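S.K.: Below, each chain spelled out in residue letters.
There are 2 protein chains.
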Amino acid sequence: MKDRIQEESRTGSGMDKADRKTDERFMREAIKQARKAYALDETPIGCVIVYEGKIIGRGYNRRNTDKSPLAHAEITAIKKASRKIGDWRLEDCTLYVTLEPCQMCSGAIIQARIPRVVVGCMNPKAGCAGSVLNLLQVERFNHQAELTTGVLEEECSGMMKQFFKELRERKKREKESGAAQEYRQLYRPVKPGVRKRKAGYPAEISQCQGESRDHGDQSIEDLSGTGRKM
Amino acid sequence: MKDRIQEESRTGSGMDKADRKTDERFMREAIKQARKAYALDETPIGCVIVYEGKIIGRGYNRRNTDKSPLAHAEITAIKKASRKIGDWRLEDCTLYVTLEPCQMCSGAIIQARIPRVVVGCMNPKAGCAGSVLNLLQVERFNHQAELTTGVLEEECSGMMKQFFKELRERKKREKESGAAQEYRQLYRPVKPGVRKRKAGYPAEISQCQGESRDHGDQSIEDLSGTGRKM
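Read top to bottom, the protein sequences are chains A and B.
Take 2 as the starting number for the first sequence in the working numbering and just add one per residue.
Take 2 as the starting number for the second sequence in the working numbering and just add one per residue.
Derived by calculation from the structure, the hints in this document are not laboratory data.
As the structure is a prediction and not an experimental result, all values here were calculated from the model.
Some hints could be false.
No copy is singled out in the list; a pair is fine if it fits within one copy or between any two copies.
Stated by the list, open to error - Computed cross-link-like contacts, SDA-like style, restricted to lysine to any residue with a CA-CA straight-line distance of at most 20 Å:
#	residue 1	residue 2
1	81	30
2	166	86
3	80	65
4	162	87
5	176	86
6	55	80
7	172	27
8	55	27
9	22	41
10	68	133
11	126	93
12	81	69
13	68	116
14	80	69
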């Protein structure tokens, strides 16, 4: 099974240069989609589906925006591609996605009988194209997909890291701002220059800030769950 | 992991009678949905999602009708339930489905964080709630669902068997009718009472009919792939 996974590196692989260039071209289109998610404060994941050299379906993560567990990049792209082709079978198509698909999206790829999947970066704690499971290549299913990973990997993972770094910083600011506001509400001035602590206030402000800093220290390398678990 | 699967039989189980009656009541609603698929000549699979004792999402298989690999009963029900709840998290919901979910639908259940799944009959060759895989209870995912199987099992599997029996009979009739038509076209009367075989006709009509009969003999017990593989 493993020999069906083509692990592409920047230094070269079994693929010829033309194929790699084509894959990179379409992965760039998937990254463009991911940036649309980024702009909505959604985990930046993008996808395109290609048929006969043309993109027939695009999608990006809109889970929080649409309030739907189905609003993953791959599902949207599959929906659009099926509409375009006029068939539930997306045979002869290639799916490009910036992050390793989750269990639902890997399942949808098999259901749609997509023969080839190209992945940007992996999702070690939740991915189902080789990380937690490899649902794309289960022999007992009636379809398996060829898999190429690591195409524009640095760009894809860099975008994710940047997103989560900004998210943590924003959350930290919000927490600090919230704590400051809470502080102003709780410690009302009784006399000018004297502040009285309101009874029942559960913890020190400084402690909240400490927690926030601890959270900020979390490694930005850890993309676990990322787009799919937030 | 196995002890989390409550295997319910008609003779009784760990569940009390009230719970079983509730499950049967909602499975009957899922069967109603499946019958809508049946009426469209789609593999009869139906699903309902229940929240606080009320159905908040219904769905039935429309894969061929909608020409979409996503048009499975569970996906439609999840889409509707999320819209109703106004959240991608369907926590505190129970999903009832007449046939064991495929890899995509099991994945969607986990993505939606549905805590409990009730299944009518199993799908030994393609099901992903215990048959080929059990995607509902993978420890490494951030969510697992409780699973109850075999609720109104005979009704659910009986409906599937009936559907495939009728499908085979219809296909057989169509094949025979097509063969008869082909026969009429190929063996044109040259003189009254004399039929001439057209040059290049590849095989005997009787052989085609033989193949059709062979197909007709296939066991109706075999639901392999059923709704998901046709």
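S.K.: The structure should be examined with respect to each hint, and the outcome stated for every one.
M.R.: Now for the hints, and whether the structure bears them out:
| no. | hint | result |
| --- | --- | --- |
| 1 | 81 x 30 | within (16 Å within a copy, 31 Å between copies) |
| 2 | 166 x 86 | neither (39 Å within a copy, 31 Å between copies) |
| 3 | 80 x 65 | both (19 Å within a copy, 14 Å between copies) |
| 4 | 162 x 87 | neither (38 Å within a copy, 29 Å between copies) |
| 5 | 176 x 86 | neither (48 Å within a copy, 28 Å between copies) |
| 6 | 55 x 80 | within (16 Å within a copy, 29 Å between copies) |
| 7 | 172 x 27 | neither (33 Å within a copy, 42 Å between copies) |
| 8 | 55 x 27 | within (9 Å within a copy, 45 Å between copies) |
| 9 | 22 x 41 | neither (29 Å within a copy, 45 Å between copies) |
| 10 | 68 x 133 | neither (26 Å within a copy, 31 Å between copies) |
| 11 | 126 x 93 | neither (30 Å within a copy, 25 Å between copies) |
| 12 | 81 x 69 | both (17 Å within a copy, 9 Å between copies) |
| 13 | 68 x 116 | between (30 Å within a copy, 18 Å between copies) |
| 14 | 80 x 69 | both (15 Å within a copy, 7 Å between copies) |
Of the numbered hints given earlier, the model fails hints 2, 4, 5, 7, 9, 10 and 11; all others are met.
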